[in-house]
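**Student:** Using the sequences provided together with the hints, build the complete structure.
What follows is the residue order along each chain.
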Amino acid sequence: MRHFLFCLVPLIAASLASAQDEHADSVLAKYNGLRPTERQLAMYRLDWVDSLNDAQQKAAREGRPIVLIIIHAKYGDIRSGHC
Amino acid sequence: MINPEVIKQLEPFIVTSWHGHRNDSEIPAPVRIVWREKFAPQQQGRGPQRNQQSNVDLAVLNSKGQVVHWFDGMRHGPTREPLAQYTARELQRAARFLKVDDWPPRNRPVELPELDRSRGIRVFVSLQDNRMTAYQAPVVEVVPLAEQDWKLLDYPVKNRTVDASNLKTWLSEVYPPGVMERTDPRTKMAYKIDKIEGKLGLAAAGSNKDQRYAVLSGSVRFTDEGGDDFSYGGKLEVVLSYELDSVKVKTLRGVFEGIYPRVDRKQNRTRRLPLQAVFESL
Numbered sequence: 001m002r003h004f005l006f007c008l009v010p011l012i013a014a015s016l017a018s019a020q021d022e023h024a025d026s027v028l029a030k031y032n033g034l035r036p037t038e039r040q041l042a043m044y045r046l047d048w049v050d051s052l053n054d055a056q057q058k059a060a061r062e063g064r065p066i067v068l069i070i071i072h073a074k075y076g077d078i079r080s081g082h083c
Numbered sequence: 001m002i003n004p005e006v007i008k009q010l011e012p013f014i015v016t017s018w019h020g021h022r023n024d025s026e027i028p029a030p031v032r033i034v035w036r037e038k039f040a041p042q043q044q045g046r047g048p049q050r051n052q053q054s055n056v057d058l059a060v061l062n063s064k065g066q067v068v069h070w071f072d073g074m075r076h077g078p079t080r081e082p083l084a085q086y087t088a089r090e091l092q093r094a095a096r097f098l099k100v101d102d103w104p105p106r107n108r109p110v111e112l113p114e115l116d117r118s119r120g121i122r123v124f125v126s127l128q129d130n131r132m133t134a135y136q137a138p139v140v141e142v143v144p145l146a147e148q149d150w151k152l153l154d155y156p157v158k159n160r161t162v163d164a165s166n167l168k169t170w171l172s173e174v175y176p177p178g179v180m181e182r183t184d185p186r187t188k189m190a191y192k193i194d195k196i197e198g199k200l201g202l203a204a205a206g207s208n209k210d211q212r213y214a215v216l217s218g219s220v221r222f223t224d225e226g227g228d229d230f231s232y233g234g235k236l237e238v239v240l241s242y243e244l245d246s247v248k249v250k251t252l253r254g255v256f257e258g259i260y261p262r263v264d265r266k267q268n269r270t271r272r273l274p275l276q277a278v279f280e281s282l
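Read top to bottom, the protein sequences are chains A and B.
Be aware that the first sequence starts at 1, since it is given in this note's numbering, and climbs by one per residue.
Be aware that the second sequence starts at 1, since it is given in this note's numbering, and climbs by one per residue.
These are calculated hints, taken from the structure and not from any lab test.
Glycine included, each C-beta is placed from N, C-alpha and C at the ideal position.
Be a bit skeptical, because a hint or two may be false.
[Claimed, not checked] Below, in silico cross-link-like pairs of lysine-lysine (DSSO-like), each with a Cα-Cα straight-line distance of 27 angstroms or less:
#1 A:K30 with B:K151
#2 B:K188 with A:K30
#3 B:K199 with B:K248
[What the hints assert, rightly or not] A few chain A residues facing chain B, derived, Cβ under 7 angstroms:
#4 A24
#5 V27
#6 A29
#7 K30
#8 Y31
#9 L41
#10 A42
#11 D47
#12 V49
#13 Q57
#14 K58
#15 R64
#16 A73
**Tutor:** Structure (structure tokens):
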């Protein structure tokens with residue numbers, strides 16, 4: 001019986017260590033699965049500028065037009081998406 | 001903003017945004033022009049009927065900053081045209097005025113928000129609302145962390161507990177986009193996260209020849225400052241890596257999977273929607 005227990009202890013320890021590694025692996029798998037894809041992040045391919053003032057200066061410099069997104073609210077950051 | 005056709009139409013432009021109210025003291029000239037037309041009496045203005053107006057407008061400005069076209073963010077009238085198609089069509093219309101088609105395609109790479117000088121965490125959040133696909137578009141926030149924020153996550157020589165409230169700096173970004181129903185009726189500002197509760201376990205999680213790992217995990221509950229005990233919660237799981245001879249965090253990657261009770265004001269009921277967040281160190 002004692003010999004049997006000695007055999008079990010390393011097995012239990014190994015399984016615990018392995019379980020922790022598996023947890024890390026499963027979290028990293030979830031991270032990879034849930035992280036937005038390039039397609040979902042396509043709006044970050046656009047030429048975003050922080051303010052209308054900066055956009056107008058850049059437009060004048062580069063001879064390019066602007067799309068201004070106007071949000072009728074006290075709160076909102078369309079670039080981050082928290083709006 | 002994630003529809004490929006809309007992105008394609010926006011690519012030649014410099015894109016920016018502005019937010020505010022009509023009684024603000026400083027309204028930029030292009031916004032004044034758009035709102036003057038939008039809110040003019042219907043027989044004079046060309047905006048949609050008042051009850052069909054959205055709170056978002058898109059204005060196209062030429063390189064001199066003059067408004068050449070604008071349109072309400074929400075299509076109006078008896079149309080079933082998908083919103084993305086409507087947006088792309090209106091942008092195309094403006095592009096024709098500006099001869100944008102003459103410009104070479106830009107093919108810019110995805111450039112996510114970064115931190116300039118400090119280490120921190122990038123947070124992606126999305127609400128899986130199948131009625132409002134726009135809310136599934138990922139929110140991307142970056143949060144700088146101070147030395148004491150990282151210190152809380154030092155390598156666990158012995159397993160220990162971390163109070164989720166101490167991680168508020170970055171966990172407080174876990175709220176959905178478009179949370180207009182959770183705004184202060186007086187200030188019109190969205191309620192911020194007031195309280196984060198939960199006991200998180202931080203445990204060693206193996207090593208290899210290059211580095212060692214730990215996992216931070218547990219349930220987290222968020223309560224906003226609305227004062228009506230509105231809260232939502234879920235499970236946080238984060239993998240931290242460390243150099244073999246250091247207790248300082250090298251990388252952080254993880255997820256939050258929870259349920260957000262979204263109030264549907266039209267149907268006067270609450271829908272429990274999956275809220276997901278992804279975290280990564282910068």
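**Student:** Indicate, hint by hint, whether the structure satisfies it.
**Tutor:** Each hint, compared with the structure:
no.	hint	verdict
1	A:K30 with B:K151	25 angstroms, holds
2	B:K188 with A:K30	36 angstroms, violated
3	B:K199 with B:K248	21 angstroms, holds
4	A24	4 angstroms, holds
5	V27	4 angstroms, holds
6	A29	10 angstroms, violated
7	K30	5 angstroms, holds
8	Y31	5 angstroms, holds
9	L41	5 angstroms, holds
10	A42	5 angstroms, holds
11	D47	5 angstroms, holds
12	V49	5 angstroms, holds
13	Q57	9 angstroms, violated
14	K58	5 angstroms, holds
15	R64	6 angstroms, holds
16	A73	5 angstroms, holds
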